[in-house]
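Colleague: Make the complex out of the two chains shown on their own, each in a separate frame, by following the hints.
Here are the chains, one letter per residue:
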Amino acid sequence: MNRPEKLSIEKSMAGRRGIRFAKPSKPASAWLPEGALRKALPRLPEMGEFEVVRHYTRLSRLNFCLDTHLYPLGSCTMKYNPRANEEIAGLDGFAAAHPCAPDAAVQGTLEVLRRLEKLLCELTGLSAFTLQPAAGAHGEFTGILIASAYHRSRKDRKRTEILVSDSSHGTNPASAALGGFSVKTVASRPDGRLDLEALKAVLGPQTAMVMLTVPNTLGLFERQIREIAEAVHAAGALLYMDGANFNALMGLAKPADFGVDILHLNLHKSFSTPHGGGGPGSGPVGVVAALEKFLPVPRVAEKNGKFVLKTKIPGSIGRVRSFAGNTGVAIRAYAYLRGHDGQTLRSIAENAILNANYVRAKLKDLFPSAVDEPCMHECVLRTEPEKMGGLKTLDVAKRLLDYGFYAPTIYFPLIVHEAIMIEPTETETKETLDAFVDALRAIHAEALTDPERVHAAPHDLPVKRLDELGAARTPNVAW
Amino acid sequence: MYSPHTAADRSEMLRAIGIASLDDLLAQVPSALRAAALDWPAALTEPELMAHARALAAKNKPLSCFAGAGAQDHYIPAAVKALVQRGEFLTAYTPYQAEASQGTLQAIYEFQSSVCALYGMDAANASLYDGATALAEAAAAAARITGRKKILLPESLHPEWRAVLQTYFGAKGEPKLELVPCPSGRMDLAEVEKRLDDTVAAVVVATPNFFGLLEDGAGIAEMAHAKGALLIAAADPVSLGVLEEPGAWGADIAVGEGQGLGGALNYGGPYLGLFSCKKAHMRHIPGRICGLTTDADGKRGFVLTLQAREQHIRRERAASNICSNEALCALAATIHLALLGPEGLKEVAELCVDKAHRLAEAACAVPGFRLRFEGPFFNEFTLECPVPADRVQKALLKEGILAGVPLGRFDKAMKNALLVCATEQRTDEELDRFVAALGRVAR
Numbered sequence: 389m390n391r392p393e394k395l396s397i398e399k400s401m402a403g404r405r406g407i408r409f410a411k412p413s414k415p416a417s418a419w420l421p422e423g424a425l426r427k428a429l430p431r432l433p434e435m436g437e438f439e440v441v442r443h444y445t446r447l448s449r450l451n452f453c454l455d456t457h458l459y460p461l462g463s464c465t466m467k468y469n470p471r472a473n474e475e476i477a478g479l480d481g482f483a484a485a486h487p488c489a490p491d492a493a494v495q496g497t498l499e500v501l502r503r504l505e506k507l508l509c510e511l512t513g514l515s516a517f518t519l520q521p522a523a524g525a526h527g528e529f530t531g532i533l534i535a536s537a538y539h540r541s542r543k544d545r546k547r548t549e550i551l552v553s554d555s556s557h558g559t560n561p562a563s564a565a566l567g568g569f570s571v572k573t574v575a576s577r578p579d580g581r582l583d584l585e586a587l588k589a590v591l592g593p594q595t596a597m598v599m600l601t602v603p604n605t606l607g608l609f610e611r612q613i614r615e616i617a618e619a620v621h622a623a624g625a626l627l628y629m630d631g632a633n634f635n636a637l638m639g640l641a642k643p644a645d646f647g648v649d650i651l652h653l654n655l656h657k658s659f660s661t662p663h664g665g666g667g668p669g670s671g672p673v674g675v676v677a678a679l680e681k682f683l684p685v686p687r688v689a690e691k692n693g694k695f696v697l698k699t700k701i702p703g704s705i706g707r708v709r710s711f712a713g714n715t716g717v718a719i720r721a722y723a724y725l726r727g728h729d730g731q732t733l734r735s736i737a738e739n740a741i742l743n744a745n746y747v748r749a750k751l752k753d754l755f756p757s758a759v760d761e762p763c764m765h766e767c768v769l770r771t772e773p774e775k776m777g778g779l780k781t782l783d784v785a786k787r788l789l790d791y792g793f794y795a796p797t798i799y800f801p802l803i804v805h806e807a808i809m810i811e812p813t814e815t816e817t818k819e820t821l822d823a824f825v826d827a828l829r830a831i832h833a834e835a836l837t838d839p840e841r842v843h844a845a846p847h848d849l850p851v852k853r854l855d856e857l858g859a860a861r862t863p864n865v866a867w
Numbered sequence: 067m068y069s070p071h072t073a074a075d076r077s078e079m080l081r082a083i084g085i086a087s088l089d090d091l092l093a094q095v096p097s098a099l100r101a102a103a104l105d106w107p108a109a110l111t112e113p114e115l116m117a118h119a120r121a122l123a124a125k126n127k128p129l130s131c132f133a134g135a136g137a138q139d140h141y142i143p144a145a146v147k148a149l150v151q152r153g154e155f156l157t158a159y160t161p162y163q164a165e166a167s168q169g170t171l172q173a174i175y176e177f178q179s180s181v182c183a184l185y186g187m188d189a190a191n192a193s194l195y196d197g198a199t200a201l202a203e204a205a206a207a208a209a210r211i212t213g214r215k216k217i218l219l220p221e222s223l224h225p226e227w228r229a230v231l232q233t234y235f236g237a238k239g240e241p242k243l244e245l246v247p248c249p250s251g252r253m254d255l256a257e258v259e260k261r262l263d264d265t266v267a268a269v270v271v272a273t274p275n276f277f278g279l280l281e282d283g284a285g286i287a288e289m290a291h292a293k294g295a296l297l298i299a300a301a302d303p304v305s306l307g308v309l310e311e312p313g314a315w316g317a318d319i320a321v322g323e324g325q326g327l328g329g330a331l332n333y334g335g336p337y338l339g340l341f342s343c344k345k346a347h348m349r350h351i352p353g354r355i356c357g358l359t360t361d362a363d364g365k366r367g368f369v370l371t372l373q374a375r376e377q378h379i380r381r382e383r384a385a386s387n388i389c390s391n392e393a394l395c396a397l398a399a400t401i402h403l404a405l406l407g408p409e410g411l412k413e414v415a416e417l418c419v420d421k422a423h424r425l426a427e428a429a430c431a432v433p434g435f436r437l438r439f440e441g442p443f444f445n446e447f448t449l450e451c452p453v454p455a456d457r458v459q460k461a462l463l464k465e466g467i468l469a470g471v472p473l474g475r476f477d478k479a480m481k482n483a484l485l486v487c488a489t490e491q492r493t494d495e496e497l498d499r500f501v502a503a504l505g506r507v508a509r
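From first to last, the protein sequence lines stand for chains A and B. Each position in the first sequence, counted from 1, maps to that position plus 388 in the working numbering. Each position in the second sequence, counted from 1, maps to that position plus 66 in the working numbering.
Since the hints were derived computationally from the structure, they do not count as laboratory data. Treat each hint with caution, since some may be false.
[Said to hold, decoys possible] Which residues of chain A face chain B? A few of them, derived with a C-beta cut under 8 Å, are:
#, residue
1, Leu454
2, Gly481
3, Thr559
[Unchecked claim] For lysine-lysine, the following DSS-like pairs were computed, each having C-alpha atoms within a straight-line distance of at most 30 Å:
#, chain 1, residue 1, chain 2, residue 2
4, A, Lys694, B, Lys464
5, A, Lys414, A, Lys394
6, B, Lys344, A, Lys427
7, B, Lys345, A, Lys427
8, B, Lys238, A, Lys698
Ideal placement from N, C-alpha and C gives every residue a C-beta, glycine not left out.
Only chain B is shown next, with the shape it has when bound in the complex (with noise of 0.2 Å):
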């Protein structure tokens, strides 16, 4: 349908090719092997496509958003929006040809360069599928970096990440993933030294945890250091306007869900895996990694680099199978940190800690309704609710709220935690109408 041949071009193109009818062509596919016609709806117009997306979009229901859990309502500026559709971008590949694709080149160096500044890294790549592929990556670079078998994964990170570093590993048996119980919802040091031995290839600290808390990753590195192992940091990017980064406490790899970054939720994807770390371990990145250069006349340029890690060169010794990774979120990250800059990332951050503390206040105000663990959080926090956390889900979803992720479906002894996140998004209004309904709940 989108083929533009007329009857005149498609014989005109046989004859040139020297064959009487297309058919000659499709007879490389054995006869046997064809297939007969599809059972295939009628195709739709785009008119009529449009109006049967609009109807199924429209089952969706539009909800006050006050569920994160590793996916959060940030505000998408309307040029990031214009810019990453742009034909120039939107419809370019991988830039193996350099010299014809320096504006996608340096988008990553920036992209690159900012998500350095964020985590306080020397080195990033162009971006990974999401933060669990991320962290999967990293835990299987320390592995490589060390030559040691075993990480430490704690109860405290998303149990989706885990869930994947679990089917990344499992079957092959290695790296072997050891898991740290958080019983008060947090890393306890003296579970994280027991299992601390010289086969520990890196400890993993995600921080804000899955709970919402914030970790003693400074505590936990200098104790990994210690044993040779290395600290593997998960933080979400938007916390870092005005929490310490990784770098700065000691993470030696830091990894991320970059999706807050101007991505929308999208029910999942696509998102943006960050990946940066310190340069001694650059040579350890998996993926693609945009480099500074010049050209036959000393002028700077960029290209991709370091790619003898890589699987088109390396195939099965490569550090990584990654090929496509999330380019054009990455551009959307790039165009949304420039606008922001520092002081609005700050902003965003400030908004998110001061949205959440006066929720969680308001919320645990309601009676029958408290925190479950304590500790300082950023903009995300364990609502223990009176009743089953389902139920207060259900309850406010009638109100056109979705008061955040019930924790059961992860942990049944969980079973009355909510896990909820405030951004800059929720106005007061909004935050007012959710601890209302949560009053209603508790009745």
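In isolation and in its complexed conformation, chain A is listed as follows (with noise of 0.2 Å):
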């Protein structure tokens, strides 16, 4: 076990067979022109089912994952999900319904759809969703387009530019540059919240939108979101949130009363899809009245008890994908949600709340807080390497995995120093966080008495560390 694998096409043997079909009744040559064909087949492997049973149940041993580890990864929300809303997205009447079928076959998908868009706007205060974005960064991009549409339907087009904060996450200055505005970024101050001053002096009639993240990356609530959200539309602007961190305010806080115009949410964080390895994801954008119509179609209206789908909507930035979006993850995010009540909700605010600070304050004496304060659904904390032998945050993260738990986010957000950056969530518990404190807690004392073995690390794993560097001056990407 936890040997590394050989690669599928490796444990090919020509000749066998995973799955068989049944016979055309003539070959593609009877029915098409030779030219068009494929002259060699592709290099796939040859497997039988059993084979590729074992290679991928193997494979997936190789691997740390919420189920069998704390995966205390920050702004990345690796919380249990429950296994009832994965049979619920895979029933045969979702599973089946092709997206071209017209409305009156897939009444059942789309009373979800609409259904869900009416908790999430009850959830955040904002009047109107749409589903239509496959994640976050996808929210982020049309959040970003609404704007544009905003603007220009005012005729103010010289709105250019986007302010971001100096924590954001870095899908929101791609995204702005995506979207064709440029970027300025606003420095926080040191207590970690957006600069109110900084902010107004760059705020002018060239700001398009402010994108903040709320909590922000540094796991702390911008108190003065108000405010920011006054100077904001006094300058003419939209206010982003990006919702990334919406486990801290679910049935505590609603953004719409922060002054929030747009905002999108991470399905497959707060509300129930597993993250699968890196997606997929769904990042709803919701808005307040006054930008619905600049929503991306298609768009799901109820008529005399009726759902249809609209695709044409004057004003609209138009399709940002395919079809209506990531649907199977919009039903776990519905089924979760009707799995609650607004107590249960706010519960799911709380305990995040609860746990960040619990594991905050059992490590402050040896990692310190990037600000010595409470804080929300995720702490930052600093490796000190000259109280630690030279060891560095990465270290630590490494000779973590050693100790059985997945390493938190590291350097990250930007601005901190050494960044550890811990989202223990809310379905831990206290046992599995005081056990990741002793760990982090005894990787600090090896520091100062082996600090080769930290340096190493990890030593249990499939592999030691990895050559990035190599890896990326020679790019082998495919067999």
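Modeller: Quick look at the structure:
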């Protein structure tokens, strides 16, 4: 167990088959011109079904995952997702629905989508949602296009700039640039919050939008969010909220009350779709009433108890993806939300906040917080190499793997030196958190007694520390 | 509800934090910004929730599916479904800690390799959202690579994909999109040539195209290259079980919708954006890429690589804004292709060709029905009906058949055109029922 595996292609044996289909009445060459056909078959593995099952089962065992390990990746909300929701999304009625089927044939799916939109409106206080964006970054891009359309509709063509915080996710500036905007970065104050005065100094008639994450990536609530919103609106710009950290606000606060105009949520973070090794996600975008007409098409509407998919809406920014979006993810989110009531939703945020502060308190003597005050759903700590024999955050992260914990997010946000960003989420027990804290404390002690062992970590995994530079210098990305 | 804390846990934790009550922590959010109690329905227990969901799912009609248009009903082997539900894959995330994510990383490497093998390319990424956004990323990459600002898009491309590119680039104004008319249902080389100049970054060729037809990719590629433009191919990966791979006929970048490789229809998503290219363009690929490397002992291993292109490093100068992708769908595709192997994929593709051609022949034998366009096709064809295609669809729906996609919704001039698709899933009985039902519409 835990040994590296050969590639599937290396296990391939000519003539093996994993599945067979019926024979066609005629080969393709009978129907199609010879010149259109492939000269040689693609180089794919030839394996029996059992070999395939064993291969991928063995590969799976080389992974840490939430089901087996604490996975405290800050900003990622790696929490338990009820298995019932997997079964629900896989129900034949939902899974077999063709995206071009007429509305009358897909009333069940349309009803779920519409109901989910309404629940998200209630959670956030916003007026309308689109479920089309396929991920958080895709939602940001959608929000940016909405802002662009809004200013254009007012013949306000000078707004070419988007402001982001220096603690923002990298997707914020990248999405803004993709939308054709120039990006200016606003500094945070020493207390980790956006500097309102610095913001006011750069707000102007050229500002299209300000993008903020709330709570921010230091796990801190932007206490001046209302004042920020007022300043943004006074300058004629819009306020965008990156809702990646919504797990901290669930049932506790509504972004519309902050003065937010546009926001995206990550359904795969707070609302139950497992992360799947990197996706799929879903990044619904919510807006205030004045911006509703700009939302992308298609949109679900309700008419006399029937649901329809509207594809032509004047003012809409258009399509950001084919079809209706990651519907399977939306179905899981709907199921998740219906498994809660208002009180239990709020307890998600409360317990997420409790867990993060517990970890922070238990570690603060060895790993100080970036900002020394209570946090929301995640805490950003620092490694102090000068007190750890020169060892760095990367060494601590790699050694944690030997102790049986996935590492937190590291070196982010960029404004914190040697950052360790820990998001325990509400679904972890106190015992697990205690064990995690003990591991970090043990590593800190080890750094002084056996720094070499920490620096060479991991030791007990399928591979030792991997050569990333070499991989990038001479890329080998396919067999 | 999924929080495990007991009252004792909670008070012990509060004590460790050094506060008396949870409210002390919640005070971080000023009271003026706190929400009142949510207006929310009562929580459903798991059995209640399952019953509720089943009732909703039952409102969708089970249909014999002859619709394609970028989403096709292919068989998903049981082993694919079982393996992707393994918690080790399902509940891991982006493999930031490579040493603890070798399973996911190796699977991504195998995915990239399989995509390259199918498309005849040298490099591929770990997936994008869907085929349409993969094409948008390809267009942006082509503009970056060539330093040119115009993309030629054929009218024979999926109208929703065209719409997505319009949304992506319309507001910004670049790259500029120019439409190549395709009155015959296929790209006319003269129409392409007319528009090709040294400002064109890339010509897009979808083959099989939206109408199901095969394009003269090689001819267009030659023309594009002569003007220093790139050729972006959009191709259904299942079709590549029999059709010549884009890399062989001259494509520089190839994209596709990968849903047909182990993905359910799911009313449009999650799907799987495929992106591959020739080696020269590797450093312009958007999104995550897995690379082979060695560990400290010289043992083979895998890491995310070429990360300097990505948003978390480059921010506003990144190649793309993508972060989360469609990893689990990519895993399903990888396992699907390993099960099928080259022979199985060919078998599926040949069944698709055979069934669609037999269906087209039989449908055209029904008085009043004919093929709207001439030319070779893979497994979709455009059926010109004697009445509006909407009416055909409605009539067949009553018999439990999803007849196809009426094209009038995209183009008023095509109101009698029905885009029909047959995959390996459709039995001969279903084909017969479809044709018999057409006969009743014609009468």
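Colleague: Hint by hint, note whether the structure agrees.
Modeller: Checked hints:
A hinted interface residue such as leucine 454/A counts as satisfied when its beta carbon comes closer than 8 Å to some beta carbon of chain B; here the least separation is about 4 Å, so the hint holds. With a least beta-carbon distance of about 3 Å to chain B, the hint placing glycine 481/A at the interface is held under the 8 Å criterion. Interface hint status for threonine 559/A: upheld, as the beta-carbon distance to the closest one in chain B is roughly 5 Å, under 8 Å. Distance hint between lysine 694/A and lysine 464/B is fulfilled; the C-alpha atoms sit about 18 Å from each other, no more than 30 Å.
At most 30 Å may separate the alpha-carbon atoms for a hinted pair to count; lysine 414/A and lysine 394/A exceed this at roughly 37 Å. Restraint check for lysine 344/B and lysine 427/A: satisfied, since their Cα atoms lie roughly 19 Å apart, inside the 30 Å limit. Proposed proximity of lysine 345/B and lysine 427/A is supported: the alpha carbons are some 22 Å apart, at most 30 Å. Distance restraint check for lysine 238/B and lysine 698/A: the Cα-Cα separation of roughly 25 Å lies within the 30 Å cut-off, and the hinted pair is therefore satisfied.
Against the hints set out earlier in the document, a violation occurs for number 5 only.
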